Amino acid sequence: MSKPGVDGHWRGGVIVSRGLRDAGMEVVFGGFQNVEQIVESAINEDVDVIGLSMHSGAHIEYTKRVIDLLDDRGVKDSFMILCGGVIPAQDFPKLEEMGVAKVFGPGTVIQDIVDFIRENVKE
Amino acid sequence: MRKTYDIETLIQNFKNKDKVALAKLITLVENEPDKALEIFKHFDNSDKDSYIIGITGSPGVGKSTLINILAKQLLDEGKSVGVISVDPSSPFSGGAFLGDRVRMTEVSLDPNIFIRSLASRGHGGGISRAVFDISLLYEAFGMDVIIIETVGVGQSEVDIYNLTYTTVVIMVPGYGDSIQIQKAGIIEVGDIYVVNKKDLGGEDIVVQLEMMLDDATVQTGWRPPALMTNSISGEGIDKLVEKILEHKNHLELSEALKKKKKNRFEYKIRNLLTYKVGKVLESLISEEEREKISNSILEGGKYKIYDLVHDLFRNIKFEKKKESSK
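Chains A and B, in that order, give the protein sequences. Numbering of the first sequence is given in this note's numbering, commencing with residue 1 and proceeding in unit increments. Numbering of the second sequence is given in this note's numbering, commencing with residue 1 and proceeding in unit increments.
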């Protein structure tokens with residue numbers, strides 16, 4: 001779970017991580033990280049899912065850069081990417097087109113994220 | 001869907017220093033202990049040994065932050081560093097919030113470092129079962145130094161001592177009085193003691209530590225130092241690195257390193273045997289049988305607990321296979 005850039009809205013990523021923890025998942029909390037650090041963390045930790053928590057309005061740009069760098073490193077297919085935070089609904093299709101598996105905007109129930117991960121990540 | 005790799009390809013990539021392969025092999029040994037058998041067949045013994053440092057202490061004393069700055073210094077000296085950071089698994093959900101890496105962001109992009117977070121997954125002793133296997137993988141990957149960070153420990157989780165050559169015990173100001181410092185357990189396993197967060201005081205803890213260390217009745221030839229650090233400003237870290245190196249030299253010169261290495265393997269052998277015997281037992285005694293016992297104990301037979309477990313065992317026959325003559 002990472003927060004690209006420094007928009008300061010820490011709480012959302014923490015709450016979702018906590019919810020995933022309580023659902024029996026292991027969450028590596030990365031906190032504020034730049035794109036390179038996010039990709040390096042995901043590789044080192046060999047995670048199933050990369051969660052990007054964004055509240056800065058720069059979600060398209062950051063997500064694009066994460067996906068491009070994953071592609072450069074040859075590991076784009078190794079991870080499922082989920083986005084969350086303050087993201088307007090009209091941007092959901094754009095993100096999904098870029099390769100994001102699902103976007104969880106304001107008002108999301110954590111159980112929906114849990115269910116989505118369980119259904120889409122193989123044990 | 002996630003790409004899957006076969007072990008042969010992973011090993012080949014691993015030998016070409018591919019971090020993706022290292023990460024995936026770690027996942028394999030962590031999730032499926034029996035895979036280690038298959039994986040380690042591919043390595044010969046020509047790799048140099050890494051130097052293994054353990055960092056332990058209570059939650060929030062600054063272990064991860066200290067590792068960040070310690071690793072930075074080692075990387076600056078041209079060393080490669082493998083970090084293993086363990087945080088606890090939930091006893092309720094089995095999940096974990098792994099929050100050590102967040103303190104190591106500064107060094108995480110150095111090409112010569114690899115950081116892996118682990119959940120303890122029910123293993124006691126302050127580490128996870130996979131720590132040994134991952135340290136073997138780091139050695140095969142050619143890491144000069146391995147740093148193992150325990151979960152935030154209490155008083156008795158001392159497994160780290162069996163897995164490392166230099167154990168650093170970290171404390172903070174306000175630890176307790178001279179009685180606390182005389183207790184057995186975590187407070188006696190340090191090769192180096194660090195009182196971190198020195199901006200908050202802690203001179204009194206150093207004095208208590210010095211007295212405790214001077215009172216040692218078992219002489220090993222190494223008198224552990226007690227240092228003060230501030231892992232955010234970096235104050236005292238030079239001294240810590242110097243003392244780690246001094247301890248390493250001491251171990252090498254006194255043959256104690258060999259003893260430590262042997263102890264590390266003995267620890268793992270005990271663990272492996274317990275794991276294997278545990279599996280055999282699980283196959284011999286069903287969950288239903290165990291539940292039957294706990295139910296009958298619950299229904300008023302609490303003093304029968306030893307009797308019943310003893311009975312359960314009496315019907316099992318362990319036999320050592322005769323060695324086949326060739």
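Misleading hints may appear alongside valid ones.
[To be verified] Pairs of lysine-lysine residues, derived as BS3-like cross-links and limited to a Cα-Cα distance of at most 27 Å, are as follows:
1. A/K76 <-> B/K279
2. A/K122 <-> B/K35
3. A/K76 <-> B/K19
4. A/K122 <-> B/K279
5. B/K258 <-> A/K122
None of these hints come from the bench; they were simulated from the model. As the structure is a computational prediction, the values presented were derived from the model and not from experiment.
**OP:** Return the numbers of the hints above that this structure violates; sort them in rising order.
**Re:** The structure conflicts with hints 1, 5, although it agrees with all the remaining ones.
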